[in-house]
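A.B. asks: Sequence:
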Amino acid sequence: AGLDRNGLRPMRYVVTGDGLVIAGSEAGMVPTDDLSVIEKGALGPGQLLAVDMVGRKLYHDAEIKDHMAASRPFGEWIASVVDLENVTEGIEERPVHEGAELRRRQIAAGYSIEDLETILHPMAEDAKEAIGSMGDDTPPAVLSDRYRPLSHYFRQNFSQVTNPPIDSLREHRVMSLKTRFGNLKNVLDQDNSQTEIYTLESPFVSNARFAFLAERAGEDAVAIDCTFPVGKGANALQGELARIRAEAENAVRAGANHLVLSDHRQDATRAGMPMILATSAVHSWLTRKGLRTFTSLNVRSAECIDPHYFAVLVGSGATTVNAYLAEDSIADRIARGLIEGNLTDAIARYREAIDWGLLKVMSKMGISVISSYRGGLNFEAVGLSRAMVAEYFPGMVSRISGIGVTGVQRQVERIHAQAWRGGAAVLPIGGFYKARRSGETHGWEAQAMHVLQSACDRGSYEIWTRYSRAMQSRPPIHLRDLLDFQPRSAPVPLDQVESITAIRKRFVTPGMSLGALSPEAHKTLNIAMNRIGAKSDSGEGGEDPAHFIPEPNGDNASAKIKQVASGRFGVTAEYLNNCEELEIKIAQGAK
133 AGLDRNGLRP
143 MRYVVTGDGL
153 VIAGSEAGMV
163 PTDDLSVIEK
173 GALGPGQLLA
183 VDMVGRKLYH
193 DAEIKDHMAA
203 SRPFGEWIAS
213 VVDLENVTEG
223 IEERPVHEGA
233 ELRRRQIAAG
243 YSIEDLETIL
253 HPMAEDAKEA
263 IGSMGDDTPP
273 AVLSDRYRPL
283 SHYFRQNFSQ
293 VTNPPIDSLR
303 EHRVMSLKTR
313 FGNLKNVLDQ
323 DNSQTEIYTL
333 ESPFVSNARF
343 AFLAERAGED
353 AVAIDCTFPV
363 GKGANALQGE
373 LARIRAEAEN
383 AVRAGANHLV
393 LSDHRQDATR
403 AGMPMILATS
413 AVHSWLTRKG
423 LRTFTSLNVR
433 SAECIDPHYF
443 AVLVGSGATT
453 VNAYLAEDSI
463 ADRIARGLIE
473 GNLTDAIARY
483 REAIDWGLLK
493 VMSKMGISVI
503 SSYRGGLNFE
513 AVGLSRAMVA
523 EYFPGMVSRI
533 SGIGVTGVQR
543 QVERIHAQAW
553 RGGAAVLPIG
563 GFYKARRSGE
573 THGWEAQAMH
583 VLQSACDRGS
593 YEIWTRYSRA
603 MQSRPPIHLR
613 DLLDFQPRSA
623 PVPLDQVESI
633 TAIRKRFVTP
643 GMSLGALSPE
653 AHKTLNIAMN
663 RIGAKSDSGE
673 GGEDPAHFIP
683 EPNGDNASAK
693 IKQVASGRFG
703 VTAEYLNNCE
713 ELEIKIAQGA
723 K
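With my numbering applied, the sequence shown corresponds to residues 133 to 723, in that order.
Some hints could be false.
Below 25 Å or equal to it, Euclidean Cα-Cα: the simulated PhoX-like pairs (lysine-lysine) are [to be verified]: (1) Lys421 - Lys260; (2) Lys692 - Lys260; (3) Lys496 - Lys717; (4) Lys637 - Lys667; (5) Lys260 - Lys637; (6) Lys310 - Lys496; (7) Lys717 - Lys692; (8) Lys717 - Lys637; (9) Lys317 - Lys421; (10) Lys197 - Lys172; (11) Lys189 - Lys172; (12) Lys492 - Lys310; (13) Lys310 - Lys260; (14) Lys667 - Lys717.
These are computed hints drawn from the structure, not numbers from a lab.
Using the sequences and the hints given, assemble the complete structure.
C.D. replies: Encoded structure:
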């Protein structure tokens, strides 16, 4: 028996004088006489306990590990592992693309000024992800009329009940991004062939380190061109996906220990594949053929810029990732005096930000090591066709379906044409994170909000009608905006349907804590829902006891649903007694 590396699930054991060993998560599972107990204890994180049924002996953690360590010459074998962190220490970074060529490639990758300033700049300058407010009022990528990277079609999963989430800051020492790559051979063998590999402290590979790795790997590495011809028919991308799959399989069967999937060879006639699609296509194909463990998938991507894109690439099967265009963009900002210092230090800060982002994404799934996350496709596709997902992302959920390979090709060709047409290449302003006049559509645009505030301040139904018409005439923002009432041949008489009072009882406002809203908004929602006979939710953190006493005018400010979250403040007997319904939060989801 063994305990996980985090020690999240307990393991207690008892040994009696007559040779009985009882081990489990709780003490006292099997009744025993306390006088017969000769030993008892609990395992710590990563510790083991074993019983030799033949030799009638109990082995503790240190004995087991000493025995295993002495069973093979692991000390000699480990000497053949090449730690690239040490070998490439002090290597100097240099840009690959500059000037107009850089601008063209940035446009072809879907970059905007906003991406460079809001997302990339803070990582290169402060070694931290940019922090924004909660909420996303932009349409899903499938509903947008703007180019959106394929990563926007992927939503990260998070653990809820079966697997507890991890705090990547407090439990950082038990988490690891350590990456082994090369031919991992047969994982069941125990010989020195399994140590003929490279290691890195993270899947992030800089431009300089990638060049060193490519030179050192030599003939053991095979580069696969992940571009496709533009203007050659609707099935051009699908045909090229079949090509890279075949090339990857042939290379591995011929003995390639490293595959390099790269969109670098794009030009005016060839566009880069979305590297998430290319990576998962090759990974899933090699897995089906039983060849995946015999090679590493090293991805060079122009689109990759933020931790989410890195996470989707690794989750799709990438062993290492080289975001070469993001690094060139950092070099350009340094050259223009927008970021201080040298390129090598800026790339180190960028890597640190990406690494922390990856740890955060992994921790939401309760995963501690990157090898457990790699190839797991811990995402939900939002807006990708089920046929495309089944073929290239097997096992991933796609509830609403959406665009397929042809649709993806059409979007890539459109952005490619903008990049490689004649004239000066100018990056678009953006507008995804902050509303811009020529940018992405936002649900809560400033002009509409001004009209709403004016209607509330003046109490004007006419102004409210203007706001309502503006909201109804906007392009679809949410999936529900695609729904409409189905007309019937004749209206149903009102005496044949439920009354308004009965229907209102089914309405519930979602749980939002006092701190998430404000005392005024919280109280107003409670009173409004109680007036119409519906229910409001207190959210976590308790509720003001003054709400439990009716107002002089008869209004009730108490939420009918009270939320309880483990370890949270504000939950009292009075709080629980003043509810009609309890909502209990388990891990990250209310049940």
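A.B. asks: Against this structure, judge whether each hint is valid.
C.D. replies: Evaluated hints:
1. Lys421 - Lys260: Cα-Cα ~40 Å, so violated.
2. Lys692 - Lys260: Not OK: Lys692 and Lys260 at ~41 Å, beyond 25 Å, violated.
3. Lys496 - Lys717: holds, 16 Å
4. Lys637 - Lys667: holds, 7 Å
5. Lys260 - Lys637: violated, 46 Å
6. Lys310 - Lys496: Holds, at about 18 Å.
7. Lys717 - Lys692: Cα-Cα ~16 Å, so holds.
8. Lys717 - Lys637: holds, 23 Å
9. Lys317 - Lys421: holds, 15 Å
10. Lys197 - Lys172: holds, 20 Å
11. Lys189 - Lys172: holds, 15 Å
12. Lys492 - Lys310: Roughly 15 Å separates the two Cα atoms, so the pair holds.
13. Lys310 - Lys260: holds, 20 Å
14. Lys667 - Lys717: holds, 18 Å
Taken one by one, the earlier hints fail for this structure at numbers 1, 2 and 5, listed in ascending order.
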